[in-house]
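Chemist: For the protein sequence lines, the chains are X and G, in the order given. Under this note's numbering, the first residue of the first sequence is numbered 1, with each subsequent residue one higher. Under this note's numbering, the first residue of the second sequence is numbered 1, with each subsequent residue one higher.
There could be a bad hint or two in this list.
Unchecked claim - Listed below are the simulated EDC-like cross-link pairs for lysine to aspartate or glutamate, each with C-alpha atoms no more than 16 Å apart in a straight line: (1) G:43 x X:77; (2) G:46 x X:324; (3) X:285 x X:324.
Stated by the list, open to error - Partial pick of chain G residues on the chain X-facing surface, computed with a CB cut under 7 Å: (4) 47; (5) 96; (6) 145; (7) 146; (8) 148; (9) 149; (10) 188; (11) 190; (12) 194; (13) 313; (14) 368; (15) 381; (16) 401.
These are computed hints drawn from the structure, not numbers from a lab. Note that the Cβ used here is the ideal one computed from N, Cα and C, for glycine as well.
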Amino acid sequence: MSLPRPAGPPGAYFERMGVTPEVLRRVLDAALSRGGDDADLFFQHSASNAVSLSDHKVNQVNTHVDLGMGVRVVVDDQVGYAYSEDLRPAALVAAARAAAEIASGTPGRTAANPIARPIPDLYPVQQPWDGVGMAHRVQMVRQWEQAAFAEDPRVQRVEAYLADASTVVMVVRPDGRLVQDWRPMTLAMVRATAEDGGVTDSSSYNVAARAGLEYYDDSRQGRMVKEAVDRTLFLLKADKPPAGEMPVVLAAGPSAILLHEAIGHGMEADFNRKRTSIYADKMGKKIASEQVTIVDDGTLANERGALGIDDEGNPTERTVLVEDGRLSSYMYDEISARHYGVSPTGSGRRQDFRSAPIPRMRSTIMEAGPHDPQEIIKSVDRGLYCVSFANGQVNIGAGDFSFYMRQGYLIEDGKLTRPVKDVNIIGNGPEALSRIDMVGNDLVIDEGGWTCGKDGQGVPVSQGMPTVRVSKLTVGGVG
Amino acid sequence: MKDANLEASARRIVEIATKLGAEETTARVSKGSWTELQRRDGKVEKAQESRSLSAGVSLMVEGRYSSHSTSDLRPDALQGFLERAVAATRFLEPDPARALPDLGQMGMAEVDLDPIDPGQDGRLPDDRRSAVGRLEECAQRRTSDLATRSITSFGWDGASESALVTSHGFASHWASTSFGLGASVSLEDQDGKLPEAWTSYQARHQSDIPTPDAIAADLAQRGRARLGSGPMESGRYPLLLDRRVVSGLLRVLMGPLSGTAIFEGRSCLKDKLGKRIGSAAFTLIDDPLIPRALGSHPHDGDGLPARRRTVISDGILQMFFLSIYNSRRLGMPCTTGGASNLVVPPGERSPAELAADRGRVIRVDGFLGGNSNAATGDFSFGIQGALLEDGKPVRALSEMNVSGDLFGLLDRFACAADDTWAYGSWRTPSLLFDDIQFSGA
């Protein structure tokens with residue numbers, strides 16, 4: 001099942017499930033019954049479908065449906081939270097009363113009548129998933145498999161899947177705001193396992209966007225298959241790089257995992273409000289070369305990190321985190337924005353109605369700089385060139401971060417030479433940023449399906465970067 | 001603690017799916033309730049109440065397989081959900097290996113796993129507030145000699161329950177409670193960095209959780225160990241893997257042991273059954289029958305009775321994790337589809353004594369990112385820890401990687417310490433390996 005874009009005015013979708021304006025007011029009044037400063041209700045209905053191929057057969061379909069409401073009561077920076085998977089009024093009121101336990105006073109106000117606000121449409125879709133039948137999905141996945149086997153005789157096995165997920169969310173606030181967002185998503189993956197001369201290895205390629213079937217044009221489908229096979233064959237001839245500190249050139253696109261870990265998390269305002277981020281005392285200060293401008297943008301249409309509204313009901317925006325090397329803004333949710341006396345940046349996000357919102361990234365991007373990418377590679381005598389990545393992590397306070405490179409090359413005398421694979425790269429965020437000394441003119445927003453984890457909550461994000469040189473990072477190789 | 005509604009709901013799902021044309025159906029209906037409380041710097045930061053109810057269904061329709069889950073259990077919605085699920089399944093290719101196991105194979109282990117603390121049900125909000133508040137006070141006192149920026153303490157407790165029903169007549173019910181208590185501290189270091197340390201304890205019974213003061217002492221010790229950290233020169237050193245983070249490195253072994261990786265041909269262990277894959281000193285056991293342990297269960301994911309199994313015995317690989325499905329696809333005997341409690345038998349000496357024998361040793365007590373490749377066994381992880389000399393920490397380490405491959409790692413296993421960790425599903429002591437590659441400055 002895929003949820004179509006809801007017809008009718010915002011609010012009508014959940015009203016059909018019995019959540020009338022009168023019920024909303026009762027639930028909000030229950031949330032504020034002990035005098036909280038503010039409250040929000042987050043309704044969510046989502047449905048996802050995944051069709052999978054393994055062992056030459058399209059032999060599995062998985063579907064998932066989720067429905068519920070989360071209620072948050074805020075007193076200064078204290079949060080009470082509860083949720084219900086039952087949308088009947090009594091259950092909603094009970095959840096609101098549980099969340100209200102954080103407060104200890106008497107009701108200060110009653111909720112205003114909810115009035116719907118319009119929001120921008122950042123997910124134009126030509127061919128919505130609710131109109132794409134199972135037979136068509138099965139056919140697509142099977143074609144990817146056949147194309148992957150046709151790509152190279154060394155391919156022994158192929159797995160693939162195609163998934164779509166659609167979510168309707170509604171946020172309601174005591175001041176009368178009611179906003180509703182329909183969020184589509186699609187994700188696809190092809191994995192190949194190949195063998196050559198007794199060496200076996202396996203790799204995959206995935207793509208994701210807030211889009212419909214039109215996303216899978218011929219060129220994207222062709223690229224998915226070719227990348228999955230090429231990456232696998234690459235690993236067959238790749239080795240481990242040497243260990244230790246060296247200059248690292250990051251290829252345009254997925255290398256933005258460096259931004260996400262080295263600075264992104266540290267710029268989420270909750271860590272700074274609590275003064276536990278390494279960036280807590282650095283606002284306005286120069287932390288990188290003037291070539292470096294980093295933004296976190298919720299408004300890039302159809303990107304996996306796009307959001308018409310955030311999960312507190314606020315409009316999203318393009319937030320400039322670092323401008324010409326200088327720290328310029330954190331990413332604020334409402335609690336942090338109030339703490340700092342600024343407007344929220346539309347960065348309050350949550351995994352689903354079971355979790356309270358916290359400041360999160362959306363699409364995190366380094367803007368293009370002045371250098372030709374070839375010139376950057378040529379500038380390195382001996383170092384590492386990173387092409388693709390699996391995952392990363394950061395310690396917010398110490399600033400140590402790492403990311404795992406699946407695929408890259410050694411750079412020797414300014415040229416890409418030996419293929420290398422499977423190493424972790426580690427550094428310190430502010431130090432690594434200060435060591436970005438060349439920024440390419442070739443910004444690429446990666447099409448991969450990245451998910452960011454924080455406090456146990458996963459949210460979809462995008463990332464992009466031009467080719468950059470970091471003068472020194474620690475590479476986890478051998479010798 | 002047994003909610004009969006869960007089994008009734010599961011039976012209703014099986015009935016509906018059968019009526020819609022499914023020849024086999026497995027339904028699992030689960031509910032849970034949790035309360036979490038977090039304090040930071042003298043006040044409650046967050047209080048959360050969670051109540052959940054959801055259903056998972058797997059279907060065989062004309063020999064085709066699908067699986068589904070939903071938290072929308074309104075009767076009309078459930079009917080429509082199952083109609084769509086059955087209809088979608090018909091479009092697939094047959095996969096007869098997915099058929100349910102014979103009823104005679106299924107059942108529950110007859111061992112009292114003691115998974116329920118009867119006190120959980122009567123716990124009052126004040127009990128929770130006082131436990132987390134006392135931990136905060138103890139943590140403040142234990143870290144009073146340190147430059148702390150922020151102290152957070154947290155606790156949770158809850159109960160979960162699920163009923164499993166199959167269309168061919170199997171039914172089971174399983175319930176458990178859990179408790180957790182922990183804290184984190186953010187410290188100001190002399191170089192301007194703000195290193196953090198945390199500690200957390202989880203158990204099925206509240207009485208198995210250490211006292212707030214013991215947890216606070218542990219936090220303070222871990223915090224102190226993070227100060228002044230940095231990388232040391234790259235090289236090969238003995239590795240003392242702290243008991244709490246053994247899974248962080250030995251997960252390199254778990255990917256290649258999975259039946260799916262074996263079947264898909266992307267496991268470096270696929271030809272190694274019955275062969276030596278590591279030092280004769282290394283033994284690993286999967287034991288789902290340890291009373292009160294977090295990974296214990298009466299039957300596995302296929303409904304087969306749980307039993308203790310040796311995964312690696314004296315360096316020889318004894319089994320893969322094979323569910324019924326993967327065992328049929330591979331034409332091999334079924335074991336169990338996934339790990340429960342993983343146990344490395346303890347040795348007789350403390351970690352410090354073991355390290356003292358080796359002179360200079362890197363103790364790893366945390367990981368930062370990194371990954372491994374199941375097809376080749378290669379791994380590379382970011383680490384933090386300490387350089388030990390004669391068993392004593394002399395320098396805090398961070399911004400370093402540990403790299404190698406699964407076979408090299410297991411081959412260099414030397415021995416286990418005597419300090420088995422009981423607060424996770426990896427119940428292992430600290431482990432000592434020789435001659436491991438680290439990269440740093």
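Chemist: All hints, please: hold or fail.
Modeler: To see whether the hints hold, each was checked on the structure:
no.	hint	result
1	G:43 x X:77	holds, 10 Å
2	G:46 x X:324	violated, 37 Å
3	X:285 x X:324	holds, 11 Å
4	47	holds, 5 Å
5	96	violated, 10 Å
6	145	violated, 19 Å
7	146	violated, 13 Å
8	148	violated, 10 Å
9	149	holds, 6 Å
10	188	violated, 9 Å
11	190	violated, 13 Å
12	194	holds, 3 Å
13	313	violated, 26 Å
14	368	holds, 5 Å
15	381	holds, 6 Å
16	401	holds, 3 Å
Checked against the numbered hints given earlier, this structure breaks hints 2, 5, 6, 7, 8, 10, 11, 13; the rest are met.
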